[in-house]
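Peer 1: Sequence:
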Amino acid sequence: MIQQPPIRSPQFVRADPLQPVVFRPGDQQGPIGDFRGGVDPQFIRGHQPDQPLAGNHIGFPVRNADPRTGDFQFVAQHATNDTRPDEKRRRVAVAELPFHLGHPGQRRRTAGGLDRFDHVLALPLRSSLARPWANRSVTAVRRRFQQCAAARSPIRTAGGIQWNHRPSDGVRPRGCLPSSRCPAASRKGVRPPVSATDLTPSQFAAVEHFTGPLLVLAGPGSGKTRVITRRIARLIERGVSPREILAITFTNKAAREMAERVDRLLPGQRMWVTTFHKFCARILREYGGAVSIGPNFSIFDTGDQQQLIKQVLHAEDIDATHFPPAKIGWKISQAKNELVTPEQFVARYEERVGNHLEAVVARVYPKYQQRLLEANAVDFDDLLVHVALLLEREPDLRLELDHRFRFILVDEYQDTNRAQYQIVAALSQSEPNLCATGDPDQSIYGWRGAQIENILRFERDFPDVTVIRLEDNFRSTPEILQAADRLIAHNKRRKAKSLRTENASGEPVELRTYLDGRQEADAIAAEIRELVASGERRWSDFAIFYRVNALSRSLETALGRAKVPYQVAAGVAFYERSEVKDLVGYLRLIENPRDRMAFLRVVNTPTRGIGKTTVERLSKWADEVQLPLLEAARSAGQAPGLSKRAATALSHFASLIDQLAERSAGPVADLLHDVLARTGYGRIEDVALASEDELQRRANVDELLSAARLYDEQSGDEASLSGFLETASLTQDVDAVETDLGAVTLMTLHAAKGLEFPCVYIVGVEQNLIPHERSLRTYDDREIEEERRLLFVGITRAEQKLVLTQTLRREMHGRELSTIPSDFLQEIPLDAIDCTGSFSFESFDLPDDEDDDVAPFDEPPRRSSRPGPDAIRQSPLLTTAAALQNGSRDAAEIPCGFTVGMTVRHPRYGLGTVVDVSPGFARHRTVTVEFESDRRESFVAGKCPLQPVGM
1 MIQQPPIRSP QFVRADPLQP VVFRPGDQQG PIGDFRGGVD PQFIRGHQPD QPLAGNHIGF
61 PVRNADPRTG DFQFVAQHAT NDTRPDEKRR RVAVAELPFH LGHPGQRRRT AGGLDRFDHV
121 LALPLRSSLA RPWANRSVTA VRRRFQQCAA ARSPIRTAGG IQWNHRPSDG VRPRGCLPSS
181 RCPAASRKGV RPPVSATDLT PSQFAAVEHF TGPLLVLAGP GSGKTRVITR RIARLIERGV
241 SPREILAITF TNKAAREMAE RVDRLLPGQR MWVTTFHKFC ARILREYGGA VSIGPNFSIF
301 DTGDQQQLIK QVLHAEDIDA THFPPAKIGW KISQAKNELV TPEQFVARYE ERVGNHLEAV
361 VARVYPKYQQ RLLEANAVDF DDLLVHVALL LEREPDLRLE LDHRFRFILV DEYQDTNRAQ
421 YQIVAALSQS EPNLCATGDP DQSIYGWRGA QIENILRFER DFPDVTVIRL EDNFRSTPEI
481 LQAADRLIAH NKRRKAKSLR TENASGEPVE LRTYLDGRQE ADAIAAEIRE LVASGERRWS
541 DFAIFYRVNA LSRSLETALG RAKVPYQVAA GVAFYERSEV KDLVGYLRLI ENPRDRMAFL
601 RVVNTPTRGI GKTTVERLSK WADEVQLPLL EAARSAGQAP GLSKRAATAL SHFASLIDQL
661 AERSAGPVAD LLHDVLARTG YGRIEDVALA SEDELQRRAN VDELLSAARL YDEQSGDEAS
721 LSGFLETASL TQDVDAVETD LGAVTLMTLH AAKGLEFPCV YIVGVEQNLI PHERSLRTYD
781 DREIEEERRL LFVGITRAEQ KLVLTQTLRR EMHGRELSTI PSDFLQEIPL DAIDCTGSFS
841 FESFDLPDDE DDDVAPFDEP PRRSSRPGPD AIRQSPLLTT AAALQNGSRD AAEIPCGFTV
901 GMTVRHPRYG LGTVVDVSPG FARHRTVTVE FESDRRESFV AGKCPLQPVG M
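Take the sequence shown: its position 355, counting from 1, is numbered 355 in full-length UniProt numbering, and each next residue is one higher.
Treat the hints as calculated values from the structure; they're not laboratory data. These numbers were taken from a predicted model, which means no experiment stands behind them. C-beta atoms are modelled at their ideal positions from N, C-alpha and C, and glycine is treated no differently. A couple of the hints might just be wrong.
Taking CB as the label site, the calculated pair distances span [stated by the list, open to error]:
| hint | residue 1 | residue 2 | range |
| --- | --- | --- | --- |
| 1 | Q696 | F474 | 22 to 32 Å |
| 2 | H673 | P395 | 43 to 53 Å |
| 3 | G910 | Y779 | 12 to 22 Å |
| 4 | Q696 | H490 | 39 to 49 Å |
| 5 | V346 | T211 | 42 to 52 Å |
Each computed DSSO-like pair below joins lysine-lysine, with the alpha-carbon atoms no more than 27 Å apart [what the hints assert, rightly or not]:
| hint | residue 1 | residue 2 |
| --- | --- | --- |
| 6 | K278 | K581 |
| 7 | K367 | K620 |
| 8 | K278 | K327 |
| 9 | K367 | K327 |
| 10 | K278 | K331 |
| 11 | K581 | K367 |
| 12 | K612 | K367 |
| 13 | K563 | K581 |
| 14 | K612 | K310 |
| 15 | K327 | K581 |
| 16 | K612 | K581 |
| 17 | K367 | K331 |
| 18 | K310 | K492 |
| 19 | K620 | K644 |
| 20 | K644 | K612 |
| 21 | K581 | K253 |
| 22 | K253 | K310 |
| 23 | K278 | K253 |
| 24 | K331 | K581 |
| 25 | K310 | K331 |
| 26 | K620 | K310 |
| 27 | K310 | K367 |
Generate coordinates for the entire structure from the input sequences, incorporating the hints supplied.
Peer 2: Laid out in structure tokens, this is it:
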């Protein structure tokens, strides 16, 4: 054992429930050199005589304390012969927990237990012994003490406590748990300490980094999750309490995978591995009172949000057809992501001239937020905003949580928005042990508030940061990585890195050109079926990605014709299904009687004779007397305009909810059974006569029951109705994507993030699709770069086979329009891609020098390892940039390019005539147009928003 320098004695003070604990120099009996859990000397020296120990000290109830030797008996539970009821015994046990000294309210709570023992061990929260037990349950305190104390007898001998100390560390890290060996690491079946045998040097460096900020730039397929889980295990090996580790990611699926991997390394450890929204929900349930949020708050989903906005619009006499709730909700969400409160939004609008939509949002946003508070509810964005503002406005709470979570790991840091960034930054001030893992090249959620600047400026925010790059790819072939690397190199806002792999060489990346979307879909379906029939592949090996959902229709039709099983990862999410939302609505109202949206959903579901007019009159009266709707229903007889029958029905409904609420403390599955039994919801009298829809709805109800039972089993003693509702509310669509169901997967490029497949097709690699027309219209390089990152993400999902496709014509919005290849295809060098073509050219004439590389429709595609530019770069047809998406009737096919004398229309300048077309390839020509206003403008042919007229 490595000897530690002598440390000053811990302070044993007499327990007095009526007086604050006061440190007096005379209480200290001198140094005790063997006490390994003593007070950090600098805090003792800095403390003034007769000054009460403030909230940064924690008290431990002890018996038989001997300040001379450091021996004491730890008090954490009553004798086993205690015959009091479990609930009363639990409350008394809680009173004997370690408690903060100097907080009168907490002293009053613990006063009842102080007379059972004669001393309190007072330690600073920052001391190594006190920190691991702060804010623990009585069971956790007892378990941790038993694990970490080396002595085996009831008398805990301080001299026997040792620290997990490594000679290379120099000094024992402050806050580590005392143990002769890490208790978790010594368990049977646990892996040995992390070694470099199965990690690359850069991965090992990231795992071994201990204190201080760390930025891990992890390319796709570089083993990022392995690094995070091994780093967590290594921290615990070095003595860090699992409760002091907070690992945050963006999806439940990723959090679940991370937690499972950690459990395989160190079974039985309990730590915070969660998503941003779940973490914030737990913090709000504990501290939400500071922002007027009760612990039983409801979480409104997008549907609830839009319904509430619709109610506000109606109250404000604003036409919802001209100002759709979805669009207003989007603007409110944008404001919240930027931490803009309703008051700030109104002030900003009044300071400048805004458009009509902003004027409506300025009226709706404050009223919408007020109704949320009245319903004791939050929307998804509020979970982040409330916590971010709470940490900003409550410095004591920020400091407490900063000390509680000493080691924070954030996955996918490039996808954080301003609120998430502020939360992480606030918790990394006093203890800046923040590990941010991410890749700027995979930042694809700017449209929903993600700020790539958060990861780009990380080194400015944390000047002492260590930066480690993970550039070894374990997923893809060299051919796929070469195409991806060359593409993303054209972005400027990034952290430079180069992808490499030791995987064997594979098939070349293919670029295929088809006549139209039907031929494209049929060819893909036929190829997949052929590869599976040959035994080379399984159905689940294949994924088809697209930029917009509209492209899935032809693919689904072709796969169906070819009898290829498939799943579309964009269906109605389970918790969005009507019958599931109905039953969850009952549970929400039971948990939170102020939940207005839940009341409105279930008050007449199933039908109980409460009509729309009755509900409107009740709502109006409830608003006038300022009562929640459920409370108003209990007193419905006093509401004006309600018939006796309606008032009775409302009263019976309120009684039903009250009776169900009496059973809400039990298992969630049992409560759900009661709801079904008492309401008759989903009951099928004769299965043989039931329709397919009825059977499907009943199957969904059974699935919800199964989910409730699973939650009860997994959560154990911590199961609660609020916890189940939180899980249901925060389950994302991506969590439902299963990649091993024996089916081909169809999904958007955004949904593909975080997944991988042996074979990937990316369809519609065409201008106005990828990059999307919206980004082209803004002329904003930042949006173009995000579109490039999106294609990069799609490419790097492929493990062995990657096919990019484009068509010469594509049907969109009911019209078949000509297309041009995506600009991004030019950024992938010809030596990194194989081009094939299969299309008809009967409808147009090509120059003689372009005929050679065009295969007839009925011939198989020709492959060339180094195709000339005329194979694909000179597209036979050119389209206007806006035509593909807007489906304009004026859009028409243009042979090869614009011609002088052609009449065109511009969305801003109106009608005009083409007066000049520059020479060169069609897609790179500039077109000069003279408009009727005598204005002359030049445009790049491949990007301009011109629409030919009269062709």
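Peer 1: State for each hint whether it applies.
Peer 2: Each hint tested on the structure:
1. Q696 - F474: 22 to 32 Å: With a Cβ separation near 41 Å, Q696 and F474 fall outside 22 to 32 Å, so the hint is violated.
2. H673 - P395: 43 to 53 Å: holds, 47 Å
3. G910 - Y779: 12 to 22 Å: holds, 19 Å
4. Q696 - H490: 39 to 49 Å: holds, 48 Å
5. V346 - T211: 42 to 52 Å: holds, 44 Å
6. K278 - K581: holds, 20 Å
7. K367 - K620: holds, 16 Å
8. K278 - K327: Roughly 26 Å between the alpha carbons, so the hint for K278 and K327 holds.
9. K367 - K327: holds, 16 Å
10. K278 - K331: holds, 23 Å
11. K581 - K367: holds, 25 Å
12. K612 - K367: Holds - the C-alpha atoms of K367 and K612 are around 23 Å apart, at most 27 Å.
13. K563 - K581: violated, 33 Å
14. K612 - K310: holds, 16 Å
15. K327 - K581: Holds, because 23 Å separates the two Cα atoms, which is no more than 27 Å.
16. K612 - K581: holds, 19 Å
17. K367 - K331: Holds. K367 to K331 sits at ~14 Å (cutoff 27 Å).
18. K310 - K492: violated, 42 Å
19. K620 - K644: Holds, at about 17 Å.
20. K644 - K612: It holds: about 16 Å lies between the C-alpha atoms, which stays within 27 Å.
21. K581 - K253: Distance ~22 Å between K581 and K253 Cα, so the pair holds.
22. K253 - K310: Outside the cut-off at roughly 33 Å; violated.
23. K278 - K253: Since the Cα atoms of K278 and K253 sit roughly 13 Å apart, the hinted pair holds (cutoff 27 Å).
24. K331 - K581: Judged against 27 Å, a Cα distance of about 25 Å means the pair holds.
25. K310 - K331: holds, 14 Å
26. K620 - K310: holds, 15 Å
27. K310 - K367: holds, 11 Å
Of the hints listed earlier, those the structure fails to meet are numbers 1, 13, 18 and 22, in rising order.
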